[in-house]
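There are 2 protein chains.
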Amino acid sequence: MENNSKFATMDDVARLSGVSKGTVDRVLHDRSGVSEKTKKKVLEVIKEIGYMPNVYASILSQKRSYRIIAIMPYFQKGDYWEMVYDGIMASLEQNKNIHIDIDIIYYNQFDVGSFSKACSHTLALDPNAVLIAPIYKKEASALVSTLSELSVPVVYIDTKLDNSNYLAYYGMPLYASGYLAAHLVFDGKEIPEIVNFNVDRGGAAPNDSMINRHKGFLAYIEEHGLKCKIYDFSMMPYDFMYNIKLFESFFSEHPQVKHIITLNSRAYIISEWLEMRGIKDKKLLGFDMLEKNMEGLRNGYISVLIAERTALHVQQGMQALINFLVFKKKPVIKDNLFSMDVLNKYNVDYYVASNIKENVEQENTTSVLTE
Amino acid sequence: MENNSKFATMDDVARLSGVSKGTVDRVLHDRSGVSEKTKKKVLEVIKEIGYMPNVYASILSQKRSYRIIAIMPYFQKGDYWEMVYDGIMASLEQNKNIHIDIDIIYYNQFDVGSFSKACSHTLALDPNAVLIAPIYKKEASALVSTLSELSVPVVYIDTKLDNSNYLAYYGMPLYASGYLAAHLVFDGKEIPEIVNFNVDRGGAAPNDSMINRHKGFLAYIEEHGLKCKIYDFSMMPYDFMYNIKLFESFFSEHPQVKHIITLNSRAYIISEWLEMRGIKDKKLLGFDMLEKNMEGLRNGYISVLIAERTALHVQQGMQALINFLVFKKKPVIKDNLFSMDVLNKYNVDYYVASNIKENVEQENTTSVLTE
Chain Z
181 MENNSKFATM
191 DDVARLSGVS
201 KGTVDRVLHD
211 RSGVSEKTKK
221 KVLEVIKEIG
231 YMPNVYASIL
241 SQKRSYRIIA
251 IMPYFQKGDY
261 WEMVYDGIMA
271 SLEQNKNIHI
281 DIDIIYYNQF
291 DVGSFSKACS
301 HTLALDPNAV
311 LIAPIYKKEA
321 SALVSTLSEL
331 SVPVVYIDTK
341 LDNSNYLAYY
351 GMPLYASGYL
361 AAHLVFDGKE
371 IPEIVNFNVD
381 RGGAAPNDSM
391 INRHKGFLAY
401 IEEHGLKCKI
411 YDFSMMPYDF
421 MYNIKLFESF
431 FSEHPQVKHI
441 ITLNSRAYII
451 SEWLEMRGIK
461 DKKLLGFDML
471 EKNMEGLRNG
481 YISVLIAERT
491 ALHVQQGMQA
501 LINFLVFKKK
511 PVIKDNLFSM
521 DVLNKYNVDY
531 YVASNIKENV
541 EQENTTSVLT
551 E
Chain P
181 MENNSKFATM
191 DDVARLSGVS
201 KGTVDRVLHD
211 RSGVSEKTKK
221 KVLEVIKEIG
231 YMPNVYASIL
241 SQKRSYRIIA
251 IMPYFQKGDY
261 WEMVYDGIMA
271 SLEQNKNIHI
281 DIDIIYYNQF
291 DVGSFSKACS
301 HTLALDPNAV
311 LIAPIYKKEA
321 SALVSTLSEL
331 SVPVVYIDTK
341 LDNSNYLAYY
351 GMPLYASGYL
361 AAHLVFDGKE
371 IPEIVNFNVD
381 RGGAAPNDSM
391 INRHKGFLAY
401 IEEHGLKCKI
411 YDFSMMPYDF
421 MYNIKLFESF
431 FSEHPQVKHI
441 ITLNSRAYII
451 SEWLEMRGIK
461 DKKLLGFDML
471 EKNMEGLRNG
481 YISVLIAERT
491 ALHVQQGMQA
501 LINFLVFKKK
511 PVIKDNLFSM
521 DVLNKYNVDY
531 YVASNIKENV
541 EQENTTSVLT
551 E
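These protein sequence lines map, in sequence, to chains Z and P. Under our numbering, think of the first position of the first sequence as 181, with each following residue one higher. Under our numbering, think of the first position of the second sequence as 181, with each following residue one higher.
Hints were generated in silico from the structure; no laboratory data involved. Certain hints may be false.
A pair counts as met if it fits within one copy or between any two copies, since identical chains are not told apart.
Claimed, not checked - Derived pair list, reagent style DSSO-like, types lysine-lysine, alpha-carbon separation capped at 27 angstroms: (1) 525 with 514; (2) 257 with 509; (3) 425 with 463; (4) 219 with 508; (5) 317 with 217; (6) 409 with 425; (7) 460 with 508; (8) 257 with 472; (9) 508 with 276; (10) 509 with 276; (11) 463 with 217; (12) 221 with 409; (13) 525 with 369; (14) 221 with 462; (15) 509 with 395; (16) 462 with 525; (17) 395 with 369; (18) 438 with 462; (19) 463 with 438; (20) 407 with 297; (21) 514 with 395.
Owing to the predicted nature of the structure, the values given are computational and were not obtained by experimental measurement.
Next comes chain Z alone, as it looks inside the complex (with noise of 0.2 angstroms):
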């Protein structure tokens, strides 16, 4: 764009043209009613006085409506689910001024049954684009198939399937995550033994992003030759009593144990139960910025807690979806890979503030573009 052209209307653009506005307008979308020669008179003017239409008006006026389905896990609140769905929030309201219907499909976290359901519902909305983290693979899997023939784009959370169809991916590095786990428990060094509380998932299989994350911590324990012996237990996440009785039972027999581990976000369950026991000398590690959690490092019981910005990233592919239907761009980096930050006592508040201000800074952004 030509540093003169700045300032070119589509009033220029008509007068300069001999026709009227609405000429103009018809060219620019490429509707009927206008011979060629006039056309070819518009664009010329167009292309010589630098003229940019405004796009973004322009895609206000098409008051063209796209639906959007999110397919998700129903949770309760503190869950992490509550951020993903935090972030789809936060692109409705950074979107409110294009036609955009976001619908959200949820479905049991722990019974393939309802995800099969969720993902035929959505089918039969005939959507737009879709936003999923595909836990179930073989059902996402179909889902996505689908979804690929009728040319509907899939961004993915999560976790992705490698051999599919879709426009992006928005999620931590899940083998390398745990990894990093393992480093921030052994920093290299012989632990002679340490215990894995997973989330048992009511029979279903562990989903890929578990697996990787638990491969990436013991590649860690094996390249780094140490010799750890780990226990691994399931936790019941709706199971209080449960939980209470796998811990008491596990740290009777094994008191010798002094370091925790769970590679999902329940690390909570298992503070609370070292706070309730008045229990200090055990280092717990864990993932994902719950509030519950976040309590856990603060108060102590919670030695790490490897972190994302998870509203933030689903914004950002609730925008990749947008940004493709309304505006036809791809978007820049199709594997987009979080940060895994890493929080203790000292650091978790300013990684907190520091989220919600560039979360307003975003808003500011917004508002100049909408005033």
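Following the hints, put chain P in place on chain Z, whose structure we already have.
Chain P only, in chain Z's frame:
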């Protein structure tokens, strides 16, 4: 803004008021040549249909020019201050469509006289706004006091002068960053001896940021009841041979010291020496994402870095000044404390990639804005 008024244009206002667009424009900009009666009518219509003038375009057409001065040390490629420079340049790029002159006045960070000259030079240029890292407290304070009398807004980066009049501050929490550093070194356990390599500032007093970071470091040790002998030495940033001799002599005398810290950005001076000598039994902690520090992390001669997104935050600081000058908007948060990011060999590259990605996202937003 009412939903149904989204598409109201200046044409609509003119039509409904029975006046020309020129008259509407005159009313909007409060210019003369419009009768009180017409003005009243136009304002009524504007209110009724909820017309919002395009503020951004209106500012473009004002052709008002602003001069912002950033005062900073000159630097060599790869220095900390290069990241500050990058942030200023990013801001310039982001605002290329607004009439903003950004001038940088450089000084020698090891010479207070040079800093004083930069301050006088700044005043002589009659700036509309100033960005400054007040590392020479007394001199910076005098400058800011004069600017305040002239109603020139000031943004601090790196460190701030509490008893002064400033628009906003963007910086790492300094005391807390020292405290965090000590936590990462000690993790609550005894370490008998460590060595701290400062940076010699050519006889200048250490600046507030270093003093506060150092205080935080010592506070952790004291509050955790740890006993530790700390050896303090100063490196000469640009005297390679001096540093080598310093390290050789210290470690031949104290081979038992395994923990090294440097509370500034020059960790690479030490890691390069460790690498040269093939010394692998030391743990080195440093600050800031310089390319050479990252190299130290990657090759294992630096254990941990505490980093911040310097360029991004300097860019935010510049934006605070621009929003204030151009849009009359004060920053939502006055004191913006960065998150303190804990980096090691296993997460550093994802952090770097994620920084780049966020910048790309920002560019996308801007391109929508200016299309």
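Tested hints:
1. 525 with 514: Between. Shortest inter-copy distance 25 angstroms satisfies the 27 angstroms Cα cut-off; intra-copy 34 angstroms does not.
2. 257 with 509: neither (35 angstroms within a copy, 35 angstroms between copies)
3. 425 with 463: Within one copy only: 20 angstroms inside, 40 angstroms across.
4. 219 with 508: within (24 angstroms within a copy, 43 angstroms between copies)
5. 317 with 217: Cα proximity of residue 317 and residue 217: none, with 56 angstroms in one copy and 69 angstroms across.
6. 409 with 425: within (22 angstroms within a copy, 45 angstroms between copies)
7. 460 with 508: neither (55 angstroms within a copy, 52 angstroms between copies)
8. 257 with 472: Within one copy only: 11 angstroms inside a chain, 44 angstroms across chains, cut-off 27 angstroms.
9. 508 with 276: Both: 19 angstroms inside a chain and 24 angstroms across chains, each within 27 angstroms.
10. 509 with 276: This pair counts as both: shortest intra-copy Cα distance 19 angstroms, inter-copy 22 angstroms.
11. 463 with 217: neither (77 angstroms within a copy, 75 angstroms between copies)
12. 221 with 409: neither (79 angstroms within a copy, 82 angstroms between copies)
13. 525 with 369: both (23 angstroms within a copy, 16 angstroms between copies)
14. 221 with 462: Neither. Shortest intra-copy (78 angstroms) and inter-copy (74 angstroms) distances fail the 27 angstroms Cα cut-off.
15. 509 with 395: neither (36 angstroms within a copy, 50 angstroms between copies)
16. 462 with 525: both (15 angstroms within a copy, 25 angstroms between copies)
17. 395 with 369: Intra 19 angstroms, inter 30 angstroms, cutoff 27 angstroms: intra-copy only.
18. 438 with 462: both (5 angstroms within a copy, 25 angstroms between copies)
19. 463 with 438: Result: close both inside a copy and across copies, 6 angstroms intra and 23 angstroms inter.
20. 407 with 297: Neither way: residue 407 and residue 297 sit 45 angstroms apart in one copy and 62 angstroms across, limit 27 angstroms.
21. 514 with 395: The answer is within: 24 angstroms in one copy meets 27 angstroms, while 45 angstroms across copies does not.
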